[in-house]
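**Q** The whole structure should be built from the sequences, with the hints applied where relevant.
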Amino acid sequence: MAKPPQAVALVESPVQLLNVLEWAHARPPAAEPLTIVVLSPSDPTSRGQLRRMAELARDEGAVVRWYEARGARGGLLRTAFALAPTLTRVRQLVIGDPFSRLVQVLLPLCRAAKDIVVVDDGTATMEFTEIVARGGQLVRWHRSGRRRSPADLAFGLFSVAARRRLTPGGRRRIELFSAMPATLPEGMELRENRFAWTRGRFGPPRTLAGTDLIGTSLVETGVVDPERYLTVVRSLAERHGARRYFAHRREAPEKLHRLAAETGLEIVRPDLPLELVARRGPIGRSILSFPSTVVHTLPLALAGTGVSIVVCDIDQEWLTAAASPRAHTFLTDITHSARTLHGLT
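So for the sequence shown, the numbering used here puts the first residue at 1209; every next one is plus one.
Hint data in this document are derived by calculation from the structure and do not stem from the laboratory. We treat Cβ as the ideally placed atom computed from N, Cα and C, and that holds for glycine. Incorrect hints may have been included.
Have a look at the derived ranges for each label pair, beta carbon to beta carbon [as the list claims (entries may be wrong)]:
1) 1551 - 1281: 48 to 58 Å
2) 1443 - 1548: 17 to 27 Å
3) 1529 - 1281: 15 to 25 Å
4) 1402 - 1341: 18 to 28 Å
**A** Below, the structure is given as structure tokens:
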């Protein structure tokens, strides 16, 4: 039987893979390359960005293994069977999304992993540490308060087991590698992500006059009303003289077509995570964003470039009737913390 890798990372999104590369850059030199397991998503934009990120990871010396765990019937079972020989013996496990059902199903296989690292998956990191601290269930903030489906109930046991597995205790070491503000549970270690690999690998960017607007998938997740969002984007574009709209990878094509037609904005579909796209440039001298991960990561990735970042509040009236009762508070916390930590306007 082949010797298992010492460290394995499970990723499902381009941002997770970027943060795994940042973690690998920040950790002490390793005797063998990091193995990155990509649990491929279904949407074409995410898959395309992940393919590009996988190329960068290989350039950095990582071993990348790609699995189609979604879509086809039995994909998860086949993936678990293929990964079992590796996961049952790996000593250090790196995960990008503790809320992922795929990760939660695979975690019980990782019995030998006494060193677990959680890298940023955006604003969900803030929710993750709070849930672990209070012993709650690993459910994303925009889903809390909704009626639970039979599938939710079926995966509930895995969610509870995952939270226990990711709670520090005994000989198990849990580390958070993050650029996000988070209150750590007792026993959890923190290593700050300063985006040193990104700054060293790309840029500094050429800056353009004017403002770039960063899109959000809050409409697609059912949090913000689509008509309200269109009105707000049109108003912001006119007020700030925005010319380009950087689309989130989960934004629906129909919404983007309408935004382009009714606002005159040029829609840009990034081929890599926005932190890398902005660092490569060209990028506007001013960036306007709704509350999201980038209001915490872009100030680090663009440090020293002179680019200013402005965060826009989400008004309670923009939310849909189906939005979680915690949605407005959570989004406001993101805005407040970004202004406090990074001096954003």
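**Q** Now tell me if each hint is right for this structure.
**A** For each hint, the structure was consulted:
Distance hint check: the CB atoms of residue 1551 and residue 1281 are about 51 Å apart, consistent with the given range 48 to 58 Å. A beta carbon spacing of about 26 Å between residue 1443 and residue 1548 agrees with the range 17 to 27 Å that was offered as a hint. Between residue 1529 and residue 1281 the Cβ separation comes to about 35 Å, which falls outside the hinted range of 15 to 25 Å. Evaluation of the 18 to 28 Å hint for residue 1402 and residue 1341 yields a pass: the beta carbon distance comes to about 24 Å.
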